[in-house]
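J.: These are the residues of each chain, in order.
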Amino acid sequence: MELLPTIWFVAIAVLWTGYLFLEGFDLGVGMLMKGFARDNTERRVLINTIGPVWDGNEVWLLTAGGATFAAFPLWYASLFSALYLPLLLVLVALIFRAVAFEYRGKVDNPRWRARWDWAISAGSFVAAFGVGAALALTTTGLPLDANGDREGGPFAWFSGYAVLGGLAVVGFSLLHGLGFLALKTDGEVRHRARAWFVRLLPVLLLPMAGWAVSLQFLSGEAWTIAAVVAAVVAAVLAWNFARKGAEGRAFMSLGTFLLLGSASIFGAAFPVVLPSTLNPAFNLTVSNASSSDYTLGLMSIVACIGLPLVLAYQAWTYWVFRRRVSAAHIPEAHSFLPAIAAKALAPKD
Amino acid sequence: MDALEIARWQFGITTVYHFMMVPLTIGLGLVVAVIQTLWYRTGKPEYLRMTKFWGKLFLINFIMGVATGIVQEFQFGMAWSEYSRFVGDVFGAPLALEALLAFFVESTFLGLWIFGWKQLKPAVHLACLWVAVIGSVFSAYFIIVANSWMQHPVGVEMVNGRPVMTDAWAVFTNNTALVAVPHTLFGALAVAGGFLLGIAWYHLWRRRHDGIDTVGADGKVIPGEAAGILGRDRSDHTVWIRSLRIGAVVAMISFAGTAFTGDLQGKLMFEQQPMKMAAAEAACHDGTGFSVLSVGNLGAKNCDDIVAVIEVPGILSFLAKGDFTTEVKGVNSLLGEYQAKYGTTLPDNPIYGDRAGQQIQYVPVMEVTYWGFRMMIGFGGVAALAALLALWATRKGTVPASRGLMRLAVFGILAPFGANAAGWIFTEMGRQPFVVAPNPDPSGIDQVFMFTAAAVSSGVSAGEILTSLVVLTSIYAVLLVVEVKLLVKYIRGGVASAMPELAHAPVDENEDGTPRGGPGKPDDDVLAFAY
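Chains as they are written, first to last, in our numbering: chain A, 17 to 365; chain B, 25 to 555.
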């Protein structure tokens, strides 16, 4: 097995895990804007827990995508083109979601806010589902021909695994979002989030467990099976900590669940990065899909310097904004009399 | 329509759209960072107001750049998978590094800046903005390194029919990139300059129109106050006149910068992609003259239909070589050279699909290259000239009362956007029919190339790409309306729209009592800013 491609397979697994850990909770908080939050103030509490960090979290997705392009161009090309329509949906969801965070509070009007709330909630759901489906399919396979192109038309990617992976990331993100809210808010929202976390943990983690377990049947090894078992233990610990009100430990235990679950999934898939369901000879693997050692070496050097820096300043951001947010902290909506009056833009209520 | 055509339209539309937000982000970010630095150094309340007002507009625009940027990265794999497979070894790295070294910095530190007005010490808070802005400059660098490799492929060796990186230094110091980066940054500053100038002009005009500011017998402005409207005080006048002057100066400097770097770029391009420059001139025959106006059917396959009506001898040679006599090759002689080197028809290779055997059009669409080149220079020049006139017209402290001039200033905001778009359309369309352009260069990179016809995803149907084209274009159109509406709302709102604190505290105490911010009580600073 070649060393550098293997290192980069691990690096990309780490980037995806980092993405799911960080954006996981802000996708979850986004989905909870509907159903969980009860009024506008609560919705603003939710948004402001992730306000300073969600954009930085999303860059993990761009970095995972960019690193896949650079380190495994054939993997990137086959996966992204085969999943053309689902990824289009993910893009649309991410566009609306990003704009919604920034624009929601810019007009003091309930209808305006309600529309952007839907954009955040539905956008978070679709993005989580789509990313989960894509990740599941890259571990279980797509109908690829010898050139790595999808056969069978625009929907040939569809399989039960796509749904399972989609539900896995949606479920995990929802739970992780609840854990984050319990950790980052105070008052009513905090207590409700914790109660929901305890009650919903088993059902929300079930799809991810199902994905990890089914992959063990397909291509598991002893250590990846052990990782699945350890992940289940971490989930039980998270549940127990949350029940006792140890929110920080519950959050970290769920993070450990993700880490172990992700290790078991990527570990079981290795060394295949994207199987072909038509013919195993067309599988894209760590060896046949990777860039040259020169490129991978260059990227390794930059990543060794860059990634620790990113972790350091992102950690610092969480430290700066470490205080809990509660309804009492939410200022009134900022309405202003325009310096230059215009009929069409006068406040509506 | 063919998948290739649709994918090209999609890339063009999404990229030009994305690049309306990007130059404003880069340019305005730099300007706001300078203004906040002035506030930090002097403590003058006008600078705080300017930071908040322009910062608010900056953020409304920034998010659109973020949202549309993700499409760009995904699009290579989704619609251009053959391209991605071909260039991945060398082209993927700058993209990955852009995310790792630039986007993380930009998004994280901007989050700190937006929310950290009270949590961070003023110096640290200011530094966060600078770091974010430098991040955006880095992202420009990385993406232009990637683009420049398509214009001038360097630092690679062909292995099994694919370029493999052998010299990262050559890729990351590609001379094409080293001149394109400053050119793009000056272009971004030109956008910011026009933006400040137009909006500040509008506010000054309204202050006169509403009778707040008057003009004395000597023509000098007498700033006034509007009772009852927050932020419409004397200090407000200073905000706008200072913004106007900063905008005008930035616009003029950046035009000089784009002209200088553009000239260097032109000279490189005559060496690296002679056909692009010949097409920019609609120059059919070898010669030295620069066409001021050419008529005829620019789209005709027979170049001889084009007649240069007004031509200045020697100027074309100056643009290409720096003298007035060197003959510059025209389309007709270049066409033969390209055909001899790269064939007349697309080879019989599955990568070309149905397009195999088609005639190769080596001459780019000349309506686009000829007019794109002139629009870029024209819009840029007009904006700079307008900035100069604006400085003169406002020398006595306010703008003329003319409504027509105000409209001109406001619509003038669009000129630098037009120049940026025209420049990119020219440089990308001028590279056709290649997506990676071979350079007739003694360094031996004339065999690294890819036809655009081979780059599109072979496994994706035209219907899928058409779906995404329609979906993305419609969403972009709606979001453009939303963004412009919000910008207009906050522009009309004036400084008070960006400073809720003006309403909650007496103006003097808030601004003069705590001129440099400073942490408040722990309980208050949980949310110095809230969505």
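Read the hints as simulated data drawn from the structure, not as lab findings.
Computed from a predicted model, the values in this text were never measured in an experiment.
Hints may be right or wrong, so weigh each one.
Said to hold, decoys possible - In silico BS3-like pairs for lysine-lysine, Cα to Cα no more than 30 Å straight-line: (1) B/Lys513 x A/Lys50; (2) B/Lys420 x B/Lys513; (3) B/Lys291 x B/Lys345; (4) B/Lys68 x B/Lys244; (5) A/Lys50 x B/Lys68; (6) B/Lys513 x B/Lys142.
J.: Each hint should be assessed against the structure and marked as holding or not.
T.: The hints, checked one at a time:
no.: 1; hint: B/Lys513 x A/Lys50; in the structure: holds, 28 Å
no.: 2; hint: B/Lys420 x B/Lys513; in the structure: holds, 29 Å
no.: 3; hint: B/Lys291 x B/Lys345; in the structure: holds, 6 Å
no.: 4; hint: B/Lys68 x B/Lys244; in the structure: holds, 23 Å
no.: 5; hint: A/Lys50 x B/Lys68; in the structure: violated, 44 Å
no.: 6; hint: B/Lys513 x B/Lys142; in the structure: holds, 26 Å
The structure fails to meet hint 5 from the earlier list, while all remaining hints are met.
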